[in-house]
Amino acid sequence: MTLPPHHPPAAPTISDADAWLSDLADGRLAPEELARRCTQWADDPACRRSWHAYQLIGDVLRSEDLAQTLAHDAAFLGDLRQRLAREPVVLAPAPQTAQRSLRQVWALPLAVAAGFMAVAGVLVVLQQVGDGGVAGEGQVLAAKPATGPQFASAAVVPGGAEGRAQMLRDARVDEYLQMHRQALAGSPVALPGGAMRSVDLTMPLR
Amino acid sequence: MSDADADALLVDRVKRGDMRAFEMLVVKYQRRIERLIGRMVRDSDLVQDIAQESFIRAYRAMPNFRGDSAFYTWLYRIAVNTAKKALSDLKRDPVLLHSARPGAEDGDETSRAETELSHGETPEALLASKQIAAAVNEAIEALSEDLRQAITLREIEGLSYEEISEVMNCPIGTVRSRIFRAREAIADRLRPLLDTRGGERW
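In order, the protein sequences belong to chains A and B. If you're matching positions, the first sequence starts at 402 in this note's numbering and goes up one per residue. If you're matching positions, the second sequence starts at 55 in this note's numbering and goes up one per residue.
Heads up, a few of these hints could be off.
[Unchecked claim] DMTMM-like mimics (lysine to aspartate or glutamate), calculated; alpha carbons at most 20 Å apart, straight line:
id: 1; chain 1: B; residue 1: K145; chain 2: B; residue 2: E107
id: 2; chain 1: B; residue 1: K69; chain 2: A; residue 2: E433
id: 3; chain 1: B; residue 1: K138; chain 2: B; residue 2: D103
id: 4; chain 1: B; residue 1: K184; chain 2: A; residue 2: D466
id: 5; chain 1: B; residue 1: K184; chain 2: A; residue 2: E465
id: 6; chain 1: B; residue 1: K184; chain 2: B; residue 2: D242
id: 7; chain 1: B; residue 1: K138; chain 2: B; residue 2: D99
id: 8; chain 1: B; residue 1: K69; chain 2: A; residue 2: E576
id: 9; chain 1: B; residue 1: K69; chain 2: A; residue 2: E488
id: 10; chain 1: B; residue 1: K139; chain 2: B; residue 2: D72
[Unchecked claim] The calculated label-pair distances, taken between Cβ atoms and stated as ranges, are:
id: 11; chain 1: B; residue 1: A62; chain 2: A; residue 2: R484; range: 22 to 30 Å
id: 12; chain 1: A; residue 1: A514; chain 2: B; residue 2: N223; range: 54 to 62 Å
id: 13; chain 1: A; residue 1: P432; chain 2: B; residue 2: E195; range: 30 to 38 Å
id: 14; chain 1: A; residue 1: L492; chain 2: B; residue 2: L181; range: 43 to 51 Å
id: 15; chain 1: A; residue 1: Q483; chain 2: B; residue 2: Q203; range: 39 to 47 Å
id: 16; chain 1: B; residue 1: A62; chain 2: A; residue 2: A519; range: 41 to 49 Å
id: 17; chain 1: B; residue 1: R131; chain 2: A; residue 2: A515; range: 46 to 54 Å
id: 18; chain 1: B; residue 1: M222; chain 2: A; residue 2: R437; range: 25 to 33 Å
id: 19; chain 1: B; residue 1: D59; chain 2: A; residue 2: Q483; range: 26 to 34 Å
id: 20; chain 1: A; residue 1: L492; chain 2: B; residue 2: T176; range: 37 to 45 Å
id: 21; chain 1: A; residue 1: A515; chain 2: B; residue 2: T228; range: 54 to 62 Å
[What the hints assert, rightly or not] Selected chain B positions facing chain A (in silico; Cβ < 8 Å):
id: 22; residue: L63
id: 23; residue: I210
id: 24; residue: L213
To be clear, the hints were calculated from the coordinates, so they are not data collected in a lab. Glycine is no exception: its CB is placed at the ideal position from the N, C-alpha and C atoms.
So that you can see chain B by itself, here it is in the shape it has in the complex (with noise of 0.2 Å):
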């Protein structure tokens, strides 16, 4: 099961008509949605806005999505559109062209210069950020090597579980348990972190 293929069950979940499959997906994608558009779209008011249109078109057009690519590349490519045509709504609208100014249009996602603040962002927002960012390595650096090695294969390698098993040379049953065992182990330390007011809206 490739990453790619991961969504697919999701997908034909939303496309039956179940909405809580497409929040799933949108709990997933919303970040690298939103830092998508916030290559191109400075004002992060309007990069929320933004990145709402999107997943609002990608629904609409759920029925239409054959598989051809990956999930997320469809959902890129969406992203990149509407955000394309709310910069060149605002050319044409001189009252709303100050509030935001176009940065990279070629949806490249490139690294954000981390001094830069987007409009609207505040700095406790950025510190709040740093934090977790800091609490996801601790995590990592704590957890024993199987388990590293098994999250580090399968999130930043992208790789199936069967091939995992080649790699570390344990069934698969043994890679799923790891998996399990690292998220939940770096997730025992967000909670602290997470366990905010802002939980309570889910």
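Extracted from the complex, chain A is given alone in its bound form (with noise of 0.2 Å):
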């Protein structure tokens, strides 16, 4: 019967599973490990064992009059945590950088070059107009309403003998507004008693 080969016991090394608590003691740790540290901590019961021994034997290290019971610090924090369940989250507005990401470096540059490129369009199409183009001398830009009744699609077309702009639209809609003003004509709808009732032509939410 031959034995296993003897291996000598492999010098201590830190696991990284362990060493990090250390390492945020000491203010050491990676600051992009600290969102998953700060997780682990607060879900694993060992971790805070251990932050708490590794803050409790810096403190008896300098004043033996600090060794405290982890029952009643457990307490402490228990208690703070009902009273902190209560409280807003705090967030402090992120500090101003002095160095600019080169996102923010660009972004003026390119705001103002497409600036001047959206002047440049609107100017070489009111050109194309002036010659001749597309849209007449004088153009209505009204602005519709948000709000309230849409009887019909509207479009505004150019050239128009009377105002240089003509309202094209459905027909029936000229009817329903002839009828409407007829049956309104000189004389207000009135409510038994003489009382005035004015009209509210929106439509009903429904």
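Build the complex: two chains, separate frames, hints provided.
Below, the structure written as structure tokens:
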């Protein structure tokens, strides 16, 4: 019977799974690791106990009267957690960094260039119109209210004899408006007893 | 990385809204804050209340902490002001005045007489604290010279890893390893004392 070869015990090495708490205690944890480690600390009771032990060791080395039991410290944190749960989450504004990112450096010149291009584009279109292009002189650009009855689609076309613009719309709209005017002509809608009623033309909301 | 800068990572994380980072700072500083307030207020329940209020105020004010001073300096100032306000309120409220008597109001961290019990502090709790302190001291004595020197320079002298590296004439990676191994060795001795029912609340 042959014995397996004897291997001397390996020299103690730092396991990252344990050493990050020591690194964090000394402020040497990589910043990009911190979010993940905070989650680990919250999820793993063993991590919290080790963090407490490390901090307690430091306190006791500096002053023995800082020695405290885990039960006491855990009760303190437990009570504080209940109070913190009622507090709004603090969020500090991100600090202004002196060195702007590449994206920030290019943002302003690009915006200016885009503005110039937009203005140039408008000028080119207007120039074409002035030269007898698609749009006539004095084109009316009327803003249509965002609310109110939408009877039919309407379009503005140039070159009308009156006002140099002509509104094209569904003929049924004109009929409807004509009938409406006739119905209301000369006499407002009256209620029994002589009270006046205003007529709201807006369509009811469903 | 000085001791004052060691909190910068966690403070920054709290400012981004991470409550867990604040809890880690609480675990780090709660004993020092309690002792500080215990110098000013004798009633242990009131010490707890004021310490909790101090941390709540610090949490609320965290967005205003610019890092001009170390975090613990800022926190101590909040704790002293909170204790002074509590004492002022107590003087105006004769019903509560009997339960807490003010001590020193200058916030000085002088040591408490070892035989002196605060109101509400049980002899059992005091004994357990002494056992913890004794276990830490025994564990330190049992460390190898390299580990003991590294953890002492870091925790007591407050030297940075770079400074310890110069003092001990070894690479920073070795300093990191020695400090971690020293902490683990001491923690191993502490764990039987710490793993009580209180640990269930963690």
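Against the structure, the hints:
1. K145/B - E107/B: holds (18 Å)
2. K69/B - E433/A: Holds, at roughly 15 Å.
3. K138/B - D103/B: holds (13 Å)
4. K184/B - D466/A: holds (8 Å)
5. K184/B - E465/A: With Cα atoms ~8 Å apart, K184/B and E465/A stay inside 20 Å; holds.
6. K184/B - D242/B: holds (17 Å)
7. K138/B - D99/B: holds (16 Å)
8. K69/B - E576/A: Answer violated: K69/B to E576/A is near 66 Å, above 20 Å.
9. K69/B - E488/A: At roughly 14 Å apart (the allowed maximum being 20 Å), E488/A and K69/B satisfy the hint.
10. K139/B - D72/B: violated (29 Å)
11. A62/B - R484/A: 22 to 30 Å: holds (25 Å)
12. A514/A - N223/B: 54 to 62 Å: With Cβ atoms ~59 Å apart, the hint holds.
13. P432/A - E195/B: 30 to 38 Å: Given a distance of about 36 Å, which is inside 30 to 38 Å, the answer is holds.
14. L492/A - L181/B: 43 to 51 Å: Taking Cβ atoms as reference, L492/A and L181/B lie about 44 Å apart, which means the hint holds.
15. Q483/A - Q203/B: 39 to 47 Å: holds (42 Å)
16. A62/B - A519/A: 41 to 49 Å: holds (46 Å)
17. R131/B - A515/A: 46 to 54 Å: Distance hint for R131/B, A515/A holds at roughly 51 Å.
18. M222/B - R437/A: 25 to 33 Å: holds (31 Å)
19. D59/B - Q483/A: 26 to 34 Å: holds (31 Å)
20. L492/A - T176/B: 37 to 45 Å: Holds, at about 41 Å.
21. A515/A - T228/B: 54 to 62 Å: holds (56 Å)
22. L63: holds (6 Å)
23. I210: holds (5 Å)
24. L213: violated (10 Å)
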